[in-house]
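So the chains spell out like this:
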Amino acid sequence: MIKLENVYKSFGDLEVLKDINLEVNPGEVVCVIGPSGSGKSTMLRCLNQLERITSGKIYIDGELADQREMGKDLQDIPAEKVQELCTELGMVFQRFNLFPHLTVYENITIAPKIVKKFKEEDIKAIAYDLLKLVGLEDKKDEYPSRLSGGQQQRVAIARALAMQPKIMLFDEPTSALDPELVGEVLEVMKKLAKDGMTMIVVTHEMGFAKEVGTRVIFMDEGRIVEQGEPSQIFADPKEDRTKAFLKKIL
Amino acid sequence: MAMFQGTIVTIQLTVVGIIAGIMLGVVLALGRISKSRFLNSITWFYVWVFRGTPLLMQLFIIVYAIPLFTLDVFGAPVRLPLLVAAAVAYSLNSAAYLAEIFRAGIQSIDKGQMEASKALGMSYYQAMFKIIIPQAYRRLIPPVGNELIMLLKDTSLVASIGLFDLLRTVNQMSNATGRWYYYIYAAVVYLFLTSIVQLGFERIEKRYSIYD
Numbered sequence: 050m051i052k053l054e055n056v057y058k059s060f061g062d063l064e065v066l067k068d069i070n071l072e073v074n075p076g077e078v079v080c081v082i083g084p085s086g087s088g089k090s091t092m093l094r095c096l097n098q099l100e101r102i103t104s105g106k107i108y109i110d111g112e113l114a115d116q117r118e119m120g121k122d123l124q125d126i127p128a129e130k131v132q133e134l135c136t137e138l139g140m141v142f143q144r145f146n147l148f149p150h151l152t153v154y155e156n157i158t159i160a161p162k163i164v165k166k167f168k169e170e171d172i173k174a175i176a177y178d179l180l181k182l183v184g185l186e187d188k189k190d191e192y193p194s195r196l197s198g199g200q201q202q203r204v205a206i207a208r209a210l211a212m213q214p215k216i217m218l219f220d221e222p223t224s225a226l227d228p229e230l231v232g233e234v235l236e237v238m239k240k241l242a243k244d245g246m247t248m249i250v251v252t253h254e255m256g257f258a259k260e261v262g263t264r265v266i267f268m269d270e271g272r273i274v275e276q277g278e279p280s281q282i283f284a285d286p287k288e289d290r291t292k293a294f295l296k297k298i299l
Numbered sequence: 003m004a005m006f007q008g009t010i011v012t013i014q015l016t017v018v019g020i021i022a023g024i025m026l027g028v029v030l031a032l033g034r035i036s037k038s039r040f041l042n043s044i045t046w047f048y049v050w051v052f053r054g055t056p057l058l059m060q061l062f063i064i065v066y067a068i069p070l071f072t073l074d075v076f077g078a079p080v081r082l083p084l085l086v087a088a089a090v091a092y093s094l095n096s097a098a099y100l101a102e103i104f105r106a107g108i109q110s111i112d113k114g115q116m117e118a119s120k121a122l123g124m125s126y127y128q129a130m131f132k133i134i135i136p137q138a139y140r141r142l143i144p145p146v147g148n149e150l151i152m153l154l155k156d157t158s159l160v161a162s163i164g165l166f167d168l169l170r171t172v173n174q175m176s177n178a179t180g181r182w183y184y185y186i187y188a189a190v191v192y193l194f195l196t197s198i199v200q201l202g203f204e205r206i207e208k209r210y211s212i213y214d
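In the order they appear, the protein sequences are chains S and V.
Going by my numbering, the first sequence opens with residue 50, and the numbers climb by one from there.
Going by my numbering, the second sequence opens with residue 3, and the numbers climb by one from there.
Chain S on its own, in the form it takes in the complex (with noise of 0.2 Å):
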């Protein structure tokens, strides 16, 4: 469904990805973990081509979707086609990144009026739908200053729901909430997984990673050390580096 293919990615000298081989299949949840500047949200933010990657490949619902070498493309995919295969994807990101000078409605709905011009009634549809689905229908009127951050994350998350995508990235959803409005964003989280939405999430929350995720991804200085299974990684880790990491936080 995605699959990133030897992707490398650099700021400069620094080397934030080094030869970064994923695929992730339809309905998995795959948590990332790791320290910070690990390259995490990075690899999140090359793959809906917020940053562009410096070589590698990266293939979204098996279409290519990037080819790069030495920062140079080697393909000239379409503008148009890049931004169709982005849309399947949707992003969560860690400062919400609400439109606050629209109503959580508006927030939901504009990207579907605008890109994918959706009829009134149908957007209206999905959108009293995905209120539903986050606990929020009696805030639809309300501005983003209004809510709580956790309120304003799960808004967040409708909005990119809204776009109907197939692949839901998070870049660490709730770190920057306060610590009881936690979870009520991961209970919006645990419902998509149930639902069977395939989600890639770059998360500190240990707890959601062994109950909710399918496959544990460790990465340290830019490159993937160690995946599996939640149990196998939290339990019996066979990196030195995972392990260190895993005492430092549990």
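Hints are computed from structural coordinates only; laboratory data are not their basis.
Given the structure is predicted, the values throughout are model-derived calculations rather than measurements.
It cannot be assumed that every hint is accurate.
In silico DSBU-like pairs for lysine-lysine, Cα to Cα no more than 35 Å straight-line [said to hold, decoys possible]:
1. K166/S - K113/V
2. K189/S - K208/V
3. K120/V - K168/S
4. K166/S - K208/V
5. K132/V - K188/S
6. K106/S - K208/V
7. K208/V - K52/S
8. K132/V - K52/S
9. K106/S - K120/V
10. K106/S - K132/V
11. K181/S - K113/V
12. K240/S - K37/V
13. K120/V - K188/S
14. K165/S - K37/V
15. K168/S - K155/V
16. K155/V - K173/S
17. K165/S - K208/V
18. K120/V - K181/S
19. K121/S - K181/S
20. K67/S - K113/V
21. K120/V - K67/S
22. K243/S - K113/V
23. K130/S - K162/S
24. K106/S - K243/S
25. K120/V - K259/S
26. K188/S - K208/V
27. K189/S - K132/V
28. K120/V - K52/S
29. K162/S - K188/S
Given chain S's structure and the hints, the job is docking chain V onto it.
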């Protein structure tokens, strides 16, 4: 009556100057923040020239120098009607200032907003016009109000190209009659007009603060 007509000229120049200036200013601002080096340099050059030279000189160039220049080069002078020439000068000049205001306003919006827009599949221009610029509005209101008031007062410079705006009319009437109080009239009208702008912008600012 003459004073009324002079006031109309002042208002016409201000209104045309701010509207044309805003439209051109948005285009220039988009050029200034664009990734294209070409657009970047020409818009930079524009701002550099129009902000870096006196407005009165720009007026003189359009009214006096361009007719002479076109006479030399093409054999016939291109001469705009005075009011039009002045309106062009004010539009071009205010566009340079407004472009910088808009650029700063757009760049003050959190980068996460553009990223979220892109992640939702919006194009750069969709994100700009639906997400980024609408958020910049509120921050732009005070400096644009400032620019409008400056523009209104600077229209008095057209006195020196022989256009009868409010100040020139008053000046002439005072000279002709030997009375001083015409200037009071001018001051009152200018203050009245700038007050409208100020109050109007305060209201707009309040209206846009709903989502904070």
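A quick look at each hint next to the structure:
Distance check on the hinted pair: K166/S and K113/V sit about 25 Å apart at the alpha-carbon level, within 35 Å; holds. A hinted pair counts as satisfied when its Cα atoms are at most 35 Å apart, and K189/S with K208/V qualifies at roughly 23 Å. With a C-alpha separation of about 21 Å, the suggested pair K120/V and K168/S falls inside the 35 Å cut-off, and the hint holds. A threshold of 35 Å between alpha carbons decides the hint, and for K166/S with K208/V the separation of about 33 Å falls inside it, so the pair holds.
Proximity of K132/V to K188/S is assessed by CA-CA distance (about 22 Å); at most 35 Å being required, the pair is judged to hold. In summary, the hint linking K106/S to K208/V is not supported, as the alpha carbons are separated by about 50 Å, beyond the 35 Å threshold. A C-alpha spacing of about 50 Å is found between K208/V and K52/S, which places the hinted pair above 35 Å, so the restraint is violated. Between K132/V and K52/S the alpha-carbon distance is near 33 Å, which keeps this suggested pair within the 35 Å criterion.
The suggested pairing of K106/S with K120/V holds, with an alpha-carbon distance near 20 Å, which does not exceed 35 Å. This hinted pair checks out: K106/S and K132/V have alpha carbons roughly 32 Å apart, not beyond 35 Å. Of the pairs offered as hints, the one joining K181/S and K113/V holds, with about 30 Å between alpha carbons and a cut-off of 35 Å not exceeded. Under the criterion of a C-alpha separation no larger than 35 Å, the hint pairing K240/S with K37/V is inconsistent with the structure, at around 41 Å.
The suggested pairing of K120/V with K188/S holds, with an alpha-carbon distance near 25 Å, which does not exceed 35 Å. This hinted pair checks out: K165/S and K37/V have alpha carbons roughly 26 Å apart, not beyond 35 Å. In summary, the hint linking K168/S to K155/V is not supported, as the alpha carbons are separated by about 49 Å, beyond the 35 Å threshold. The straight-line distance between the Cα atoms of K155/V and K173/S is roughly 50 Å, outside the 35 Å bound, and the hint therefore fails.
Note on K165/S and K208/V: the hinted pairing holds, with a Cα-Cα distance of about 34 Å set against a maximum of 35 Å. At roughly 25 Å between alpha-carbon atoms, K120/V and K181/S fall within 35 Å of each other, so this suggested pair holds. Proximity of K121/S to K181/S is assessed by CA-CA distance (about 44 Å); at most 35 Å being required, the pair is judged violated. Straight-line distance between C-alpha atoms of K67/S and K113/V comes to about 26 Å, which keeps the hinted pair within the 35 Å bound.
This hinted pair checks out: K120/V and K67/S have alpha carbons roughly 25 Å apart, not beyond 35 Å. Between K243/S and K113/V the alpha-carbon distance is near 33 Å, which keeps this suggested pair within the 35 Å criterion. For the proposed pair K130/S and K162/S, the alpha carbon gap of about 19 Å is at most 35 Å, so the pair holds. Of the pairs offered as hints, the one joining K106/S and K243/S holds, with about 30 Å between alpha carbons and a cut-off of 35 Å not exceeded.
Taken as a hint, the K120/V and K259/S pair is honoured in the structure, with Cα atoms around 31 Å apart against an allowance of 35 Å. Taking the CA atoms of K188/S and K208/V, the gap is about 23 Å. The hint holds against a cut of 35 Å. This hinted pair checks out: K189/S and K132/V have alpha carbons roughly 19 Å apart, not beyond 35 Å. Using a Cα cut-off of 35 Å, the hinted pair K120/V and K52/S holds, with the two alpha carbons roughly 21 Å apart.
At roughly 20 Å between alpha-carbon atoms, K162/S and K188/S fall within 35 Å of each other, so this suggested pair holds.
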